[in-house]
Amino acid sequence: MEKRLVQWGEILDILILVGSCLSIVAWIVGVPFFYKIDGPVISIFTLISLFVIVALRLATRHFQLWPFTANLAFLMIVGGGNISSILMLLSAPAVHINPKSSLVMTSVFTSIGFIFFSFYEILLYLRKTPERSWILDDILIHLALVPGGLSLIGHLFQNPTYLSMTIDPRVGISLFEMAFMGLLALSTIFSNPNLFLWKFLKGGLANQLTFLGLFMNQYIAPIIYLWLVGANWQSESFGPELFIFLAGVIATLGFLLFQAKVDESKSSLT
Numbered sequence: 001m002e003k004r005l006v007q008w009g010e011i012l013d014i015l016i017l018v019g020s021c022l023s024i025v026a027w028i029v030g031v032p033f034f035y036k037i038d039g040p041v042i043s044i045f046t047l048i049s050l051f052v053i054v055a056l057r058l059a060t061r062h063f064q065l066w067p068f069t070a071n072l073a074f075l076m077i078v079g080g081g082n083i084s085s086i087l088m089l090l091s092a093p094a095v096h097i098n099p100k101s102s103l104v105m106t107s108v109f110t111s112i113g114f115i116f117f118s119f120y121e122i123l124l125y126l127r128k129t130p131e132r133s134w135i136l137d138d139i140l141i142h143l144a145l146v147p148g149g150l151s152l153i154g155h156l157f158q159n160p161t162y163l164s165m166t167i168d169p170r171v172g173i174s175l176f177e178m179a180f181m182g183l184l185a186l187s188t189i190f191s192n193p194n195l196f197l198w199k200f201l202k203g204g205l206a207n208q209l210t211f212l213g214l215f216m217n218q219y220i221a222p223i224i225y226l227w228l229v230g231a232n233w234q235s236e237s238f239g240p241e242l243f244i245f246l247a248g249v250i251a252t253l254g255f256l257l258f259q260a261k262v263d264e265s266k267s268s269l270t
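Just so we're aligned: 75 in the numbering used here is position 75 of the sequence shown, and the numbers increase by one with no gaps anywhere.
Just so you know, the hints here were simulated from the structure itself, not pulled from any lab data. Only a predicted model underlies this, so the values are computations on that prediction, with no experimental measurement involved. By construction, the Cβ of each residue, glycine as well, lies at the ideal position given by its N, Cα and C atoms. Just to be clear, a hint being listed does not mean it is correct.
Listed below are the simulated DSSO-like cross-link pairs for lysine-lysine, each with C-alpha atoms no more than 27 angstroms apart in a straight line [stated by the list, open to error]:
no.: 1; residue 1: 100; residue 2: 266
no.: 2; residue 1: 202; residue 2: 100
no.: 3; residue 1: 261; residue 2: 202
no.: 4; residue 1: 266; residue 2: 199
no.: 5; residue 1: 202; residue 2: 3
no.: 6; residue 1: 202; residue 2: 128
no.: 7; residue 1: 36; residue 2: 128
no.: 8; residue 1: 3; residue 2: 199
no.: 9; residue 1: 3; residue 2: 128
no.: 10; residue 1: 3; residue 2: 100
no.: 11; residue 1: 100; residue 2: 199
no.: 12; residue 1: 199; residue 2: 128
Computed Cβ-Cβ distance ranges for the label pairs, DEER-style [as the list claims (entries may be wrong)]:
no.: 13; residue 1: 15; residue 2: 267; range: 33 to 41 angstroms
no.: 14; residue 1: 4; residue 2: 209; range: 43 to 51 angstroms
no.: 15; residue 1: 251; residue 2: 73; range: 31 to 39 angstroms
no.: 16; residue 1: 240; residue 2: 73; range: 14 to 22 angstroms
no.: 17; residue 1: 93; residue 2: 3; range: 43 to 51 angstroms
no.: 18; residue 1: 5; residue 2: 160; range: 37 to 45 angstroms
Given these sequences and hints, build the entire structure.
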């Protein structure tokens, strides 16, 4: 089962690699996929980050002489570049964003996701996922999905705060980009059988249904709230739906941390 999951993870990595390559070429020749001037589009810088992450994974698996230090260097560039992008957009967006330019910046939400993914990949290259109660690897992957969840709310309810930047509507997480990031998250999870999540899910159907319920609740609860009460994006940038979503994330991570602690305690007694 584990070998099959790893194989599926590699297939997804190859799919992301090919897709990002084609999308980068499309940007270079001036015909980016799913481009529009009044909504979020996937940035070429986002595509480069995706390409680097999956290319390093594939190179490490298939080239025995691939230098370990290259992985760290490139991932530092990805992480550091996205940190710089966030600082640029938050400090002086009017200076760094040009709506008339053919280049589109990576959104803050996307950069946050890449920072978590980069940190996770660096840790994984330095050591295997340890079996202990502090399940940092699981936490990093889960947190990397948070920006995408908020963007999903933006797309479903057309909230400009979650959808894109006012100064340039192209700077945001498009559905095309969301698909890429979702595939990256899946390949990341499939490729690491040492994650505590897999250990918990192997505990039986009850564990699987419990996690599925907690995970889906993160997205369903704020969506149900917005459908019931409606939303007035003219008067406020965000509302209780943000805190409902974050509460679901905390509940899921808290539950996994508790289960990891229980599992560690049981292991110490045997």
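(message) Tell me the numbers of any earlier hints that the structure contravenes, in ascending order.
(response) 1, 2, 7, 10, 11, 14 and 16
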